[in-house]
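*Asks:* Chain by chain, the residues:
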Amino acid sequence: MVVQALAFYLFAAMTVASAVMVITAKNPVHSVLFLVLAFFNVAGLFVLLGAEFLAMLLVVVYCGAVTVLFLFVVMMLDINFVELRQGFLQYMPLGATIGIILLAEIAVVAGGWHFAPEAAKAAAAPIPAIETMTNTHALGAIIYTDYVYLFQSAGLILLVGMIGAIVLTHRKRAGVRRQVIADQVNVNVADVAEFKKVETGKGV
Amino acid sequence: MAEFWDGYLWPTVWTVIKVLAIVLPLLGGVAYLTLAERKVIGSMHLRRGPNVVGLWGLLQPLADGLKLFLKEIVIPTGASRGVFIIAPMLTLILALIAWAVIPFSDTLVLSNINVGVLYLFAVSGLGVYGILMAGWASNSKYAFLGSLRSAAQMVSYEVSMGFIIITVLVFTGSLNLNDIVEAQRGMWYMFPLLPMAVIFFISVLAETNRHPFDLPEAEAELVGGYNVEYGGMAFALFFLGEYANMIMMAGFTAVLFMGGWLAPFGMDFIPGPIWLILKVCFLLFIFIWVRAAYPRYRYDQLMRLGWKVFLPTSLIGVIFYAGVAFYGGFAPGMQ
Chain R
124 MVVQALAFYL FAAMTVASAV MVITAKNPVH SVLFLVLAFF NVAGLFVLLG
174 AEFLAMLLVV VYCGAVTVLF LFVVMMLDIN FVELRQGFLQ YMPLGATIGI
224 ILLAEIAVVA GGWHFAPEAA KAAAAPIPAI ETMTNTHALG AIIYTDYVYL
274 FQSAGLILLV GMIGAIVLTH RKRAGVRRQV IADQVNVNVA DVAEFKKVET
324 GKGV
Chain E
105 MAEFWDGYLW PTVWTVIKVL AIVLPLLGGV AYLTLAERKV IGSMHLRRGP
155 NVVGLWGLLQ PLADGLKLFL KEIVIPTGAS RGVFIIAPML TLILALIAWA
205 VIPFSDTLVL SNINVGVLYL FAVSGLGVYG ILMAGWASNS KYAFLGSLRS
255 AAQMVSYEVS MGFIIITVLV FTGSLNLNDI VEAQRGMWYM FPLLPMAVIF
305 FISVLAETNR HPFDLPEAEA ELVGGYNVEY GGMAFALFFL GEYANMIMMA
355 GFTAVLFMGG WLAPFGMDFI PGPIWLILKV CFLLFIFIWV RAAYPRYRYD
405 QLMRLGWKVF LPTSLIGVIF YAGVAFYGGF APGMQ
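Protein sequence lines correspond, in order, to chains R and E.
The opening position of the first sequence corresponds to residue 124 in the working numbering, with each subsequent residue numbered one higher.
The opening position of the second sequence corresponds to residue 105 in the working numbering, with each subsequent residue numbered one higher.
A few of these clues could be false.
What the hints assert, rightly or not - 30 Å max Cα-Cα, derived DSBU-like pairs, lysine-lysine:
1. R/Lys295 - E/Lys122
2. R/Lys295 - E/Lys412
3. R/Lys149 - E/Lys245
It should be emphasised that the hints constitute simulated quantities derived from the structure, not laboratory data.
Take these sequences, add in the hints, and give me the full structure.
*Replies:* In structure tokens, the structure reads:
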């Protein structure tokens, strides 16, 4: 257990440290990179909990896809750091309120465990037990049976969001020549080129 | 104290030895893959390729490595130093840690985890960070353009790769790589899933930034792309990472579609690891062959191919093969 405990404290400390760096780093690109590090360490914590499927999903979805797009945008922004710092006091109350609400919610959950120890035990014991079934089977057996409609509608909501974003940002520009791949593939040599036998010294 | 030694230290030492047994041959393989590429392309061009250093040019990789090792590493002004230095290391490390889950035989695997496929998928997806970080930290517009292209390209092709992996998983019902290999005892997935295997291989070419999709490098327009500001060992790390990534993705393809360490035609007298290496070499030869045979894609055509051709095709493939598995009774638990 010593090694597990050491690993836990390593991952937890790294998560907290990189989360702090996300909000204190001066450069937004560094912030995003620290965010990736934080995700990675959280994935490590998931592995320690025995939730390897969630850990891999976190790395694939958040590190591999979402944050890449995020980084893509942040790298291209032209950011004025002086202006950013001026806005700090203005947004401070809002940010602090959200932080306090999250802290209070965690306190309520942990407090509930204090009053009802059996609830904490229920939360700590995965159903079904890890030994009987792999993570992936257990999640699939729940998501695709009991919660299939909720799961599908979550997917639909994401799809609608994506289509909405495309519709909002897509604009038709006049005077743009578009490539029609089918036409190009169907072109015959005889239609576009002509072969001529040219006599030496005469020209066409 | 004895418990500490037996419980933790000896297993750790043993694991380190196993890791070295994988990584050292792999790095040798990377070095000689560069030579093989130059030799193979040379003979396809009716040239000789490197033949001066050592017998048939066999010492050429060592000479190249020594040259890069002796060169100075220049960090450009205005570069983000930390990120600039970490990027090449990250590229190589990600290409190496993927080998932890690749099975060399039914028992010979460093870490036989339940989610091996997802692990490989995650690690190959993270490879984009090395390139993005290098491009951004170099503080150069050519490097930056190269890295942006690469990020868009890798994210696009990953989507269709994910769908193709799902078609394989529909037939195996497990994310464990050894289970996937065992499920191919009767027939390699390459044959029933041939269209998927072909699309997967082409996506792998795009994912590893190889020809004809090596737009991030595109030396004709971007003077070398994301690694243009790197020199000496930092460049060598990128180079090693890229080739190690090729070998890794070839290994992944071999496990998914060509039966991994399984011997074809019942030729069991040749051990599994050798079969895996032979399959990886075959795939790497095709990597090089494609480079010699095809011209580079234009960037918009590359994106079109990824999003408008491969994504719908692989999505239809998932539905089709899931139907075949369900109604044909091939799905796991139905036999």
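*Asks:* If a hint holds in the structure, say so; if it doesn't, say that too.
*Replies:* Taking the hints in turn, this is what the structure says about them:
{"no.": "1", "hint": "R/Lys295 - E/Lys122", "in the structure": "violated, 58 Å"}
{"no.": "2", "hint": "R/Lys295 - E/Lys412", "in the structure": "holds, 19 Å"}
{"no.": "3", "hint": "R/Lys149 - E/Lys245", "in the structure": "holds, 22 Å"}
The structure shown violates just one earlier hint, number 1.
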